[in-house]
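Below are the chains, spelled out letter by letter.
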Amino acid sequence: MAVVEAIGVRKSFGHTEVLRGVDLTVEQGQVVCMLGPSGAGKSTFLRCVNHLETIDSGRIWVDGVPVGFRQHNGKLHELREKDVAAQRRHIGMVFQRFNLFPHRTALENIVEGPVQVLGVPVAKARADALALLERVGLAEKASAYPRQLSGGQQQRVAIARSLAMKPKLMLFDEPTSALDPELVGEVLDVMVSLAREGMTMIVVTHEVGFARSVADQVVFMVDGAIVESGPPEQVLDNPQQPRTRQFLAKVF
Amino acid sequence: MASSDLEVVPLRHWGRWVGAAAIVAVLGGLFAAFVDAKIIWADVPEFFLHETMLEGLLNTIVLAVCAQAGAIVLGVVIALMRLSANPVARWFAVGYIWLFRGLPVLLQILVWFNLALVFEHISIPMLFEAKTNVLVTAFVAALLGLGLNESAYMAEIVRAGLTSVDPGQVEAAKSIGMTPSLTLRRVVLPQAMRVIIPPTGNNFINMLKGTSMASVIGFLELVHAANNIASRNLEVMETLLAAAAWYMVLVSIASVGQHYLERRYGRG
Chain A
64 MAVVEAIGVR KSFGHTEVLR GVDLTVEQGQ VVCMLGPSGA GKSTFLRCVN
114 HLETIDSGRI WVDGVPVGFR QHNGKLHELR EKDVAAQRRH IGMVFQRFNL
164 FPHRTALENI VEGPVQVLGV PVAKARADAL ALLERVGLAE KASAYPRQLS
214 GGQQQRVAIA RSLAMKPKLM LFDEPTSALD PELVGEVLDV MVSLAREGMT
264 MIVVTHEVGF ARSVADQVVF MVDGAIVESG PPEQVLDNPQ QPRTRQFLAK
314 VF
Chain B
185 MASSDLEVVP LRHWGRWVGA AAIVAVLGGL FAAFVDAKII WADVPEFFLH
235 ETMLEGLLNT IVLAVCAQAG AIVLGVVIAL MRLSANPVAR WFAVGYIWLF
285 RGLPVLLQIL VWFNLALVFE HISIPMLFEA KTNVLVTAFV AALLGLGLNE
335 SAYMAEIVRA GLTSVDPGQV EAAKSIGMTP SLTLRRVVLP QAMRVIIPPT
385 GNNFINMLKG TSMASVIGFL ELVHAANNIA SRNLEVMETL LAAAAWYMVL
435 VSIASVGQHY LERRYGRG
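Note that the protein sequences, when read in sequence, are chains A and B. Residue numbering for the first sequence follows this note's numbering, beginning at 64 and increasing consecutively. Residue numbering for the second sequence follows this note's numbering, beginning at 185 and increasing consecutively.
Rather than coming from a laboratory, the hints here were simulated on the basis of the structure. Wrong hints could be hidden among the right ones.
[To be verified] Far from chain B by the CB rule (all over 12 Å, computed), these chain A residues:
(1) Glu90
(2) Asp119
(3) Ser120
(4) Arg122
(5) His135
(6) Arg143
(7) Ala149
(8) Pro165
(9) Ala227
(10) Asp236
(11) Glu245
(12) Val277
(13) Arg308
(14) Gln309
(15) Leu311
[As the list claims (entries may be wrong)] Partial list, computed: chain B residues near chain A (C-beta under 10 Å):
(16) Phe276
(17) Asp350
(18) Gly352
(19) Ala356
(20) Lys358
(21) Gly361
(22) Arg447
Note that the Cβ used here is the ideal one computed from N, Cα and C, for glycine as well.
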């Protein structure tokens with residue numbers, strides 16, 4: 064069964080239609096990279112997957128469940144925030160601006176979800192969190208507050224915070240766009256190793272090199288619709304659509 | 185012409201010396217005036233520790249703390265209503281703030297104290313019933329007047345604090361599966377506290393002094409205590425000075441407390 068199955072997803076903000084019928088299937092262990100000019104609706108689509116935005120029509124199933132909704136008598140009934148929260152537990156999300164909790168240390172940021180949401184005992188959660196910090200190469204920063212960390216370090220802590228919830232799916236919303244160029248690599252390295260370990264991931268990015276090396280599927284979006292998708296060697300090296308060619312010519 | 189050892193002459197701030205001398209002269213004059221004034225200084229410490237004064241002190245503290253605590257709780261509720269998606273709740277909050285912030289505290293205290301003139305009984309059908317003049321004592325009237333007025337201010341302070349938190353924080357909390365109430369408690373409020381504490385400390389200091397208005401309805405707080413003592417010995421200024429000293433003590437303690445609270449929530 065596919066981890067993510069999106070069919071005909073539409074979404075408008077006021078009179079602007081940002082998503083005009085997006086279809087996407089992500090299989091277990093796949094990495095999907097979404098490329099496209101800004102304003103194409105990539106981030107909006109990603110935010111619909113964990114119901115940070117409510118879709119207007121279509122459907123998005125994650126792990127066999129319509130996120131944010133309950134299916135009843137052939138209709139999708141929107142769930143209460145409390146119930147959506149339970150569905151989001153195992154969908155990790157990494158933001159462009161990190162969004163670490165500034166009043167908590169790196170370790171406390173990671174422990175927060177397991178302890179408060181999943182009810183993991185504090186000692187166990189701390190041990191797990193330290194292991195995660197080790198994994199993203201920041202074991203020595205456990206007691207640092209976010210403002211004492213560089214952008215790249217903050218983003219790695221943010222990834223560890225998501226992983227602490229043992230997600231079945233990870234959503235990355237332009238995870239390196241707010242970083243200084245020399246810090247991009249350390250974050251991409253963590254994401255590459257995650258991909259290699261078989262994490263199912265949807266990554267909105269402008270990093271074509273990353274897409275080429277780890278993506279199973281590259282999706283190119285323009286004006287709220289997918290214009291081209293397929294394996295990276297096809298979409299990136301031999302694009303069929305003129306819009307894709309124009310975009311890639313500018314990015315390189 | 186470049187020479188490495190030219191002497192540097194700092195700018196002389198003559199104006200500062202003149203200003204400082206003027207301030208010292210004024211303070212000295214004031215001090216001398218008070219020493220010569222017809223004040224029996226030796227009696228002030230006695231009134232400071234007078235039994236009635238201490239009773240007034242205790243009542244002042246209890247009234248200020250209860251009114252402020254109630255105002256904080258109510259303020260959070262009204263602020264959440266003000267920010268709610270429910271338009272009726274929003275309009276109720278706007279009206280509440282408009283009313284209780286708009287009326288003078290003294291007038292509000294007097295209205296509560298005289299409530300029995302218009303409502304003989306207060307009742308919630310089938311749950312509760314009482315005679316108004318038994319229920320609304322001077323303390324209760326002062327508590328309602330001060331507390332409700334303060335809650336309107338607190339609502340605006342809390343709203344400012346809540347809206348100061350980056351919306352990305354709420355999204356991050358949602359992304360790890362936090363419910364709205366958990367998000368408020370663990371993520372939003374702790375960060376809002378940085379914005380909420382300084383004006384709340386300010387308001388609490390105002391509250392400590394505002395309790396003096398309860399003297400008008402006969403509540404025995406510091407000013408009323410001072411008046412009571414003075415009515416027996418006619419040493420009006422001496423008793424007022426003793427009360428003033430207690431206000432300064434209370435305000436100083438509150439300031440120190442605010443400092444520590446700010447440090448506690450300033451982490452990170």
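Taking the hints in turn, this is what the structure says about them:
1. No Cβ of chain B comes within 12 Å of the Cβ of A/Glu90; the nearest lies about 23 Å off, and the non-interface call holds.
2. Against chain B, the non-interface label of A/Asp119 holds: every CB pair exceeds 12 Å, the least being about 18 Å.
3. With a cut of 12 Å on Cβ distances, A/Ser120 stays outside the contact zone with chain B, its closest approach being about 22 Å.
4. Every CB of chain B is more than 12 Å from the CB of A/Arg122 (nearest about 20 Å), matching its label as outside the interface.
5. A/His135, annotated as away from the interface, keeps every beta carbon of chain B farther than 12 Å; the closest lies near 22 Å.
6. Not every beta carbon of chain B lies more than 12 Å from that of A/Arg143, the smallest distance being close to 9 Å; the non-interface claim is violated.
7. Distance check for A/Ala149 against chain B: the nearest CB is about 7 Å away, which does not clear 12 Å, and the non-interface claim fails.
8. For A/Pro165, the shortest C-beta to C-beta distance to chain B comes to about 5 Å, within the 12 Å cut-off, and the non-interface label is violated.
9. With a closest Cβ-Cβ approach of about 8 Å to chain B, A/Ala227 is found to fall inside the 12 Å limit, against its non-interface label.
10. The beta carbon of A/Asp236 sits about 10 Å from the closest Cβ of chain B, which is not more than 12 Å, so the claim that it is off the interface is violated.
11. Taking the minimum C-beta to C-beta distance to chain B, about 24 Å, the non-interface status of A/Glu245 holds against the 12 Å cut.
12. No beta-carbon of chain B comes within 12 Å of the beta-carbon of A/Val277; the shortest separation is about 22 Å.
13. Residue placement check: A/Arg308 keeps its beta carbon more than 12 Å from all beta carbons of chain B (closest about 35 Å).
14. Separation of A/Gln309 from chain B is adequate, the least Cβ-Cβ distance of about 32 Å exceeding the 12 Å criterion.
15. Even its closest Cβ contact with chain B, about 30 Å, leaves A/Leu311 beyond 12 Å, as expected for a residue assigned away from the interface.
16. With its C-beta approaching chain A no nearer than about 22 Å, B/Phe276 sits outside the 10 Å limit, and its interface hint is violated.
17. Among the interface hints, the one on B/Asp350 holds; its C-beta lies about 7 Å from the nearest C-beta in chain A, closer than the 10 Å criterion.
18. Given hint, B/Gly352 at the interface with chain A, holds; its Cβ is 4 Å from that chain's nearest Cβ, closer than 10 Å.
19. The interface hint given for B/Ala356 is met, as the beta carbon of that residue sits about 4 Å from the closest beta carbon of chain A, less than 10 Å.
20. Given the 10 Å rule on beta carbons, the hint for B/Lys358 holds: about 6 Å separates it from the nearest Cβ of chain A.
21. With 10 Å as the threshold, the beta carbon of B/Gly361 comes within range of chain A, its nearest partner Cβ sitting at about 3 Å, so the hint holds.
22. Checking B/Arg447 against chain A by beta carbon gives a least distance of about 13 Å; that is not within 10 Å, so the hint is violated.
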